[in-house]
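Novice: Since the structure of chain A is provided, determine the placement of chain B on it from the hints.
Protein chains in written order, with our numbering: chain A, 902 to 1037; chain B, 140 to 281.
Where hints are given, some of them may not hold.
What the hints assert, rightly or not - Computed list of lysine-lysine pairs in DSS-like fashion (alpha-carbon distance at most 27 Å, straight line):
| id | chain 1 | residue 1 | chain 2 | residue 2 |
| --- | --- | --- | --- | --- |
| 1 | A | Lys1012 | A | Lys968 |
| 2 | A | Lys1017 | A | Lys951 |
| 3 | B | Lys232 | B | Lys141 |
| 4 | A | Lys968 | A | Lys1017 |
| 5 | B | Lys141 | A | Lys908 |
| 6 | A | Lys986 | B | Lys141 |
| 7 | B | Lys141 | A | Lys1017 |
| 8 | A | Lys1012 | B | Lys141 |
| 9 | B | Lys141 | A | Lys933 |
| 10 | A | Lys951 | B | Lys141 |
| 11 | B | Lys274 | B | Lys232 |
| 12 | A | Lys908 | A | Lys1012 |
Unchecked claim - Examples of chain A residues toward chain B, derived with CB under 7 Å:
| id | residue |
| --- | --- |
| 13 | Tyr916 |
| 14 | Glu987 |
| 15 | Val988 |
| 16 | Thr992 |
| 17 | Thr997 |
| 18 | Glu999 |
| 19 | Asn1000 |
| 20 | Ile1003 |
| 21 | Asp1028 |
| 22 | Leu1029 |
| 23 | Val1031 |
| 24 | Phe1033 |
| 25 | Glu1036 |
I should point out that these hints are in silico values taken from the structure, not numbers from a laboratory. Given the structure is predicted, the values throughout are model-derived calculations rather than measurements. The beta-carbon is built from N, C-alpha and C at its ideal position, and this holds for glycine as well.
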Amino acid sequence: MVYLTRKAEFSASHYYHNPDFSPEQNRQIFGKCNNPQGHGHNYMLEVTVKGDIDPDSGFVVDLKQLKEIMHREVLDAMDHRFLNKEVPEFTTRIPTTENLAIAIWQRLEPKLDNAKLHRVRVYETADLFVDFYGER
Amino acid sequence: MKAHLTRRYRFSASHRLHSGNFSCEQNRAIYGKCNNPHGHGHNYILEVTVSGQVDGRTGMVCNLIELDDAVQSEILERFDRQNLNTLLPFAGKVPTTENLCVAIYEILQPIFHAAHLERVRLEETMMNSFEYRGKENATVSS
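Here chain B stands alone, though its shape is the one from the complex:
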């Protein structure tokens, strides 16, 4: 039997939305308050969904400790209490939550092998959430 398991995590980070491809006026018009040069922060909620056959011996899709360890070491330690603009995944890229969602998927996907990475979902606030399911499967909701 195939089941999907979702785990929620939290991290806090700051960012500034600004693109070198736009003029200052265009940046202000497009990104509004998010273009504030000093940046601002969010308490992000990250949902990681993995799927696979339920192991008959353990009753589990994958060992939660392995998933927690992977997310802790690869995602939370990298992004929590950081300024996203200063981090490698956002060199030359605007740290929108869309791009953050994709970055998290692309970091986790090649290193987590205990189950299939089905979906990364990020809540930037209670009102905005973003999902990425790998190439050709991106969706956004708000």
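Excised from the complex, chain A in its bound form:
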């Protein structure tokens, strides 16, 4: 089994708000991230797939295909977007880094046929990242 990781960068804005909380609770729990005008990040995405090396190609996965899937499923939908308003997952879920990693996993996992998705890592900043391994 070999693991392969591909990185991609995208920039997006978001804010954290739960309509079930009072304005005070929202401010208290989410702090500056509760600003309804939103704020942005340069996200760094790492997608790790795993599989056996194909004896003919020497690949775990065709990197060209993986790049295309990442672009189509994630970057086209999220790059230079306001996540709360333009990405359907976040009309009902708060676009935290945790939920972003889960949403990206859910978008990619059914589209990968050759290799198995192992981990989605999303860096919100260089000092904060979330890993999702598909665990329930």
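Specialist: Coordinates of chain B only, in the frame set by chain A:
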């Protein structure tokens, strides 16, 4: 859904690697430049990984403010700009980054309850890093 959240912090500290169990020659042979009696320092990078179910109401594994507060008050205030050899966790113990990694895990684990402490990783330099995941789960990489 269970996610792992990692936060990076920085602190600077000095240390000297020297064991009372070895002769002066043995200390010099084992620890090399790190045995300099005057000590030397590093800019450490600390990674704390916590895990847990993503709370449906907040979208979070745990509130980052709670994690930052715990690391700030229990770790950074204790170790930043200090000589590690003079601190309690290293009484009778060599302040290698292995031991520092374990000490940080053991300080945080009993006081941080907002999520499961999964891993403490320390970079001593860009070239050396150490990880501790609790008993039976220690790993070192360089």
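Novice: Hint by hint, note whether the structure agrees.
Specialist: A quick look at each hint next to the structure:
1. A:Lys1012 / A:Lys968: Given pair A:Lys1012, A:Lys968 holds - Cα atoms ~12 Å apart, limit 27 Å.
2. A:Lys1017 / A:Lys951: Cα-Cα ~5 Å, so holds.
3. B:Lys232 / B:Lys141: Answer violated: B:Lys232 to B:Lys141 is near 36 Å, above 27 Å.
4. A:Lys968 / A:Lys1017: Measuring from Cα to Cα gives roughly 15 Å; hence the hint holds.
5. B:Lys141 / A:Lys908: holds (22 Å)
6. A:Lys986 / B:Lys141: holds (25 Å)
7. B:Lys141 / A:Lys1017: Holds, because 19 Å separates the two Cα atoms, which is no more than 27 Å.
8. A:Lys1012 / B:Lys141: Holds, at about 22 Å.
9. B:Lys141 / A:Lys933: holds (25 Å)
10. A:Lys951 / B:Lys141: Distance ~20 Å between A:Lys951 and B:Lys141 Cα, so the pair holds.
11. B:Lys274 / B:Lys232: holds (18 Å)
12. A:Lys908 / A:Lys1012: holds (17 Å)
13. Tyr916: Given a least distance of 12 Å, the restraint on A:Tyr916 is violated.
14. Glu987: violated (17 Å)
15. Val988: violated (13 Å)
16. Thr992: Nearest chain B Cβ about 13 Å off; hint violated.
17. Thr997: A:Thr997 check passes; min Cβ-Cβ to chain B is 4 Å, inside 7 Å.
18. Glu999: holds (5 Å)
19. Asn1000: Check passed: Cβ of A:Asn1000 comes within 5 Å of chain B, closer than 7 Å.
20. Ile1003: Since chain B brings a Cβ to about 5 Å from A:Ile1003, closer than 7 Å, the hint holds.
21. Asp1028: holds (4 Å)
22. Leu1029: holds (6 Å)
23. Val1031: holds (5 Å)
24. Phe1033: holds (5 Å)
25. Glu1036: With a closest approach of 4 Å, the A:Glu1036 hint holds.
Violated hints for the displayed structure, listed by number in ascending order: 3, 13, 14, 15, 16.
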